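**Q** If you read the sequences in order, they're chains A and B. Heads up: the first sequence begins at 1 in the UniProt record's numbering, then just goes up one per residue. Heads up: the second sequence begins at 1 in the UniProt record's numbering, then just goes up one per residue.
Because the hints were derived from the structure by calculation, they are not lab data. The model shown is predicted, which means the values in this text are computed figures rather than measured ones. Treat the hints loosely; a few may be bogus.
Claimed, not checked - So the derived list for chain B, only partly shown, Cβ under 8 Å to chain A, looks like this:
#1 V13
#2 P31
#3 V35
#4 D64
#5 D148
#6 A151
#7 H166
#8 P176
#9 A216
#10 K261
#11 I371
#12 A372
In this text, a Cβ means the ideal position worked out from N, Cα and C, and glycines have one as well.
Protein chains: 2
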Amino acid sequence: MNSRPASVSARTVDEYRDSIEQLLRPLAARPVESVSVPAALGRKLAADIRSPIDLPVFRNSAMDGYAVRADDVAVAPVTLPLAGVVAAGQPGQGPLPAGAALKVMTGAPIPPGADCVVPVEDTRRDGSAVTIERGRGAGEFVREPGTDVRAGALLVPAGVALTPRHIAALAAVGVPAVPVFQPVRAAVVTTGDELVPAGRPLRSGQIYDSNGIALAAALAANGAAVVSVEHSTDDPAVFRRLLSAATRSADLVFTSGGVSKGDFEVVKDVLAAQGGLFGSVAVQPGGPQGLTVLDGVPVLSFPGNPVSTMVSFEVFARPMLRHLSGLPPVRTSEVPLRAAVRSPAGRRQFLRGRLTDDGVEPVAGAGSHLIAGMAWADVLIDIPAETTELAAGAPVRVREL
Amino acid sequence: MNSRPASVSARTVDEYRDSIEQLLRPLAARPVESVSVPAALGRKLAADIRSPIDLPVFRNSAMDGYAVRADDVAVAPVTLPLAGVVAAGQPGQGPLPAGAALKVMTGAPIPPGADCVVPVEDTRRDGSAVTIERGRGAGEFVREPGTDVRAGALLVPAGVALTPRHIAALAAVGVPAVPVFQPVRAAVVTTGDELVPAGRPLRSGQIYDSNGIALAAALAANGAAVVSVEHSTDDPAVFRRLLSAATRSADLVFTSGGVSKGDFEVVKDVLAAQGGLFGSVAVQPGGPQGLTVLDGVPVLSFPGNPVSTMVSFEVFARPMLRHLSGLPPVRTSEVPLRAAVRSPAGRRQFLRGRLTDDGVEPVAGAGSHLIAGMAWADVLIDIPAETTELAAGAPVRVREL
């Protein structure tokens with residue numbers, strides 16, 4: 001974690017995102033802990049898990065019916081003496097006598113000698129005998145050992161975040177616990193003298209502090225453990241103190257605000273002095289950005305407008321964070337635009353959009369302050385830097401929020 | 001919750017799922033609690049939330065720059081005296097004197113009189129004067145109050161599970177807490193004398209108990225609160241006792257096993273005597289199914305094969321559970337099949353499949369015991385009941401796991 005961003009001149013979205021991802025890549029090597037399988041849902045698996053057993057463990061019946069020799073039922077109907085009844089969970093029997101039938105429940109062991117199961121629907125029981133109405137070939141309705149998975153075969157590969165289907169497979173082969181990575185620990189420090197906590201009345205010039213709450217939610221939704229969310233005034237001493245606490249407890253720190261061209265830019269002023277790289281990425285919203293390694297911890301500095309903060313997170317941090325958490329990549333697709341849009345030259349623009357049955361419609365203007373519109377969006381519409389206008393019907397790339 | 005399933009003869013997948021959904025619909029009326037916005041991520045909103053304020057609250061600057069009268073900068077370059085500096089968070093000023101400029105940071109209030117902002121990039125400062133290199137029209141870079149959202153306008157509609165973008169919007173308008181529904185409380189009772197907990201060696205005829213762990217994970221991943229997971233032997237008294245505890249603590253109970261045509265079917269034997277409906281749905285895997293209302297609580301009885309249990313959950317329970325939890329519907333799409341498949345006549349079949357760049361490939365056979373294969377699947381391939389074979393390249397409907 002001692003590497004520095006490769007270049008101060010990273011200016012396109014892709015270049016800047018690559019700088020961030022290079023800085024964050026070492027976070028893949030996080031501590032590993034053992035967690036019981038039922039508690040491991042959503043955790044990132046730290047090692048390949050191979051099946052400790054064959055599954056099925058033993059030859060068993062795929063149906064409720066009668067285990068027989070296929071040769072004995074080749075000509076049907078035929079009546080066979082009943083050799084017994086085996087439920088699932090009962091120990092295996094001795095060999096099936098020639099010319100006999102054993103009643104077996106689904107999942108019950110098939111005795112040696114038997115090579116098929118006749119489903120109960122195709123039989124007629126009469127006391128201690130059963131009449132087989134329709135014969136079956138060798139192997140029918142018999143589950144052979146190891147046909148689901150062989151002992152030693154790869155069951156779940158390292159690196160995935162465990163879903164219910166992985167949990168089901170691990171439980172089925174009797175794995176009690178798995179090694180998983182500790183989640184990425186993230187801290188958030190928002191800045192701005194104008195910010196007020198929810199529930200208090202606003203005075204002139206003030207706005208509510210939403211970036212801390214929003215970033216914490218976005219981090220949690222993408223696999224990170226949020227260790228702290230703090231708000232700093234624009235006093236550099238306060239900011240330095242909160243930042244220092246953040247880098248001590250987290251693997252990754254996010255700041256919001258204080259990065260643009262104003263006279264009072266606490267984040268830029270403090271972090272540029274510590275070797276941080278600040279500049280303007282060719283993107284809207286979210287142009288002013290900063291990247292610092294402080295006490296070995298990457299610090300990503302986003303602009304303070306709420307939409308700029310959220311778009312910065314989506315574009316620059318979320319893809320890598322999902323990778324670090326073992327989650328599937330952000331989905332993108334190409335769909336028709338439902339309304340014409342304009343876009344400034346030289347900046348890649350991310351508009352909020354809502355998917356419809358026949359495309360995507362922009363849900364708010366391009367303004368970086370339109371956070372309410374974001375509540376109605378389910379995608380970002382990705383307008384290339386060189387594009388200045390797009391007609392309705394034009395194909396656009398969208399990324400799911 | 002006193003309604004009974006409409007019909008015992010529900011036999012197609014759609015009919016049976018409809019019966020279940022009718023039974024579960026009253027669970028939408030769950031108790032409501034107030035939760036702080038930061039803690040409400042993923043919870044289902046119980047009421048429409050309207051914005052308590054205009055956003056922006058006040059006219060403010062979209063850029064770091066100079067607030068001026070557009071008329072004063074109509075002919076550029078022009079040098080204006082500086083009337084002061086306003087950072088974001090500072091209270092609004094008195095009116096801007098005619099022919100003057102006020103330095104404003106992004107988000108800072110625009111004084112009365114000023115009607116546009118000239119970005120700092122287009123200016124040159126010289127002590128107490130600023131030269132405007134390029135004029136701007138009235139309204140440029142000025143954010144008017146209420147242009148994001150008006151006080152009283154709908155911000156987030158009732159019924160959605162709150163995502164980070166909803167949390168961001170709620171925080172931005174200063175809403176401190178929201179009414180959310182308590183999650184659906186679910187209990188699981190697995191049955192089968194052959195089941196052994198993970199970590200113990202298997203004896204002859206035994207298998208590991210995976211359905212409880214798998215159902216609990218699937219329930220949690222779809223918004224339910226899992227209140228208990230118990231395993232019952234095939235002893236009816238034990239099953240009755242565990243079931244009774246489950247219906248006392250949960251809104252919805254799932255059982256696995258004991259529903260097919262064997263001689264020892266504890267779930268069917270106990271619940272059919274309580275008015276439960278048991279029968280065979282035309283589906284594979286997962287044919288034998290049961291539906292009971294016990295002490296006013298819906299009890300869904302799935303077959304015991306691990307894949308049958310998981311497919312039953314996916315097909316019969318998950319869509320309604322996601323609706324009850326405010327989560328988006330299960331995604332389905334139509335894609336080409338990468339390999340030919342066969343399917344039994346008269347039964348709708350759900351094969352495990354894996355999406356590739358150019359379609360979907362089946363990842364395991366049709367056997368209901370192939371749970372390890374499920375770990376590699378990301379969709380179910382939905383083969384209609386009347387279809388018996390499909391060639392490679394045929395379009396099939398898939399539903400995402």
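**Q** Run every hint past the structure and note whether it holds.
**A** Hint check results:
Taking 8 Å as the C-beta contact cut-off toward chain A, the hint placing V13 of chain B at the interface is violated, the least distance being around 20 Å. Checking P31 of chain B against chain A: minimum C-beta separation of about 24 Å lies over 8 Å; hint violated. For V35 of chain B, the shortest C-beta to C-beta distance to chain A is roughly 13 Å, which exceeds 8 Å, and the interface hint is violated. Interface restraint check for D64 of chain B: the shortest CB-CB distance to chain A comes to about 4 Å, inside 8 Å, so the restraint holds.
A least Cβ separation of about 5 Å between D148 of chain B and chain A falls short of the 8 Å threshold, and the interface hint therefore holds. Hint status for A151 of chain B: violated, given a least beta-carbon distance of 11 Å to chain A, over 8 Å. Interface hint status for H166 of chain B: upheld, as the beta-carbon distance to the closest one in chain A is roughly 5 Å, under 8 Å. The interface hint given for P176 of chain B holds, since its Cβ lies 4 Å from the closest Cβ of chain A, which is under the 8 Å cut-off.
Nearest Cβ of chain A to the Cβ of A216 of chain B: about 6 Å, under the 8 Å cut. The hint holds. Annotation: interface hint on K261 of chain B holds; nearest CB of chain A at approximately 4 Å, less than 8 Å. Taking 8 Å as the C-beta contact cut-off toward chain A, the hint placing I371 of chain B at the interface holds, the least distance being around 4 Å. The beta carbon of A372 of chain B is positioned within 8 Å of a beta carbon in chain A (closest approach about 4 Å), and the interface hint is therefore held.
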